[in-house]
Amino acid sequence: EDQVTQSPEALRLQEGESSSLNCSYTVSGLRGLFWYRQDPGKGPEFLFTLYSAGEEKEKERLKATLTKKESFLHITAPKPEDSATYLCAVQAVGYGGATNKLIFGTGTLLAVQP
Amino acid sequence: EAQVTQNPRYLITVTGKKLTVTCSQNMNHEYMSWYRQDPGLGLRQIYYSMNVEVTDKGDVPEGYKVSRKEKRNFPLILESPSPNQTSLYFCASSPAWSEQFFGPGTRLTVL
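If you're matching them up, the sequences are chains P and H in order.
Oh and the first sequence: position 35 is 288 in our numbering, straight run, nothing missing.
Oh and the second sequence: position 59 is 67 in our numbering, straight run, nothing missing.
Please note: incorrect hints may appear among the correct ones.
What the simulated footprint calls covered on chain H by chain P, stretch by stretch (three residues with Cβ under 8 Å from a Cβ of chain P suffice, anywhere in the stretch; the number is not a length) [to be verified]:
1) 23 to 31
2) 108 to 119
Dumping the calculated SDA-like pairs for lysine to any residue here, alpha-carbon to alpha-carbon at most 25 Å [said to hold, decoys possible]:
3) P/Lys354 / H/Tyr39
4) H/Lys65 / P/Val280
5) H/Lys26 / H/Pro91
Because the hints were derived from the structure by calculation, they are not lab data.
Here a beta-carbon is modelled for each residue, glycine too, at the ideal position from N, C-alpha and C.
Kindly generate the complete structure, drawing on both the sequences and the hints.
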């Protein structure tokens, strides 16, 4: 069964304290792995797409990496405005080709204190 | 402005009273999806559509209906809502096999 697991469930950091969020996945065929940011009461906001092991993407203080079994979202010198829930999702290759089905993890709630 | 809109944003209703949540996107995307988000369960896909008149079930389709008569609109219909459908609902759209753009959400309470 396709599955996505994120850890930790919650993370509290001091401003400037770098850390990483983990997303491990089990899927029959991976088409893509997505990272989203979700602020309270809002819809998820797209951050990155990763397609193959070894791929890396960066945006400001965030860097996403991908292996064959997991992805990491590294946060360097975070600021309070980085506080949010970070969601990981995988898109599986279905029968007959790619699907638009996304399987989400339950997210990591990040709090960055000044 | 490129966006996905949902209406209503908040809805309180009673068991059995049919309701429709509308979703519209102005980005000419082929793909649209509906999700529900519940504490501890994350986002789960209800239905998705790959184009006009093409829809398919996601992980939790029971109790929901959808239609895609126009490319820009993808309404979610609850024919006979029940309390276990109380949730936060998101509509999303995307170009083919790509990242999805989410609407602002609809918070539904079924009494």
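Between the region 23 to 31 of chain H and chain P, see if three or more residues pass the 8 Å beta-carbon test, and mark the coverage as holds or violated. Check failed, 0 qualifying residues.
Does the structure keep lysine 354 of chain P and tyrosine 39 of chain H at a Cα separation of 25 Å or less? Roughly 10 Å between the alpha carbons, so the hint for lysine 354 of chain P and tyrosine 39 of chain H holds.
Given hint proline 91 of chain H paired with lysine 26 of chain H - CA-CA distance at most 25 Å: holds, 13 Å
Sort out whether valine 280 of chain P lies within 25 Å of lysine 65 of chain H, counting only the CA atoms. The given pair, whose Cα atoms are some 19 Å apart, holds under the 25 Å limit.
Verify this for me: three or more residues of the region 108 to 119 of chain H with a beta carbon less than 8 Å from a beta carbon of chain P. Held - the region 108 to 119 of chain H has 6 residues with a Cβ nearer than 8 Å to chain P, which meets the minimum of three.
In this structure, only the earlier hint numbered 1 is contradicted, and the remaining ones agree with it.
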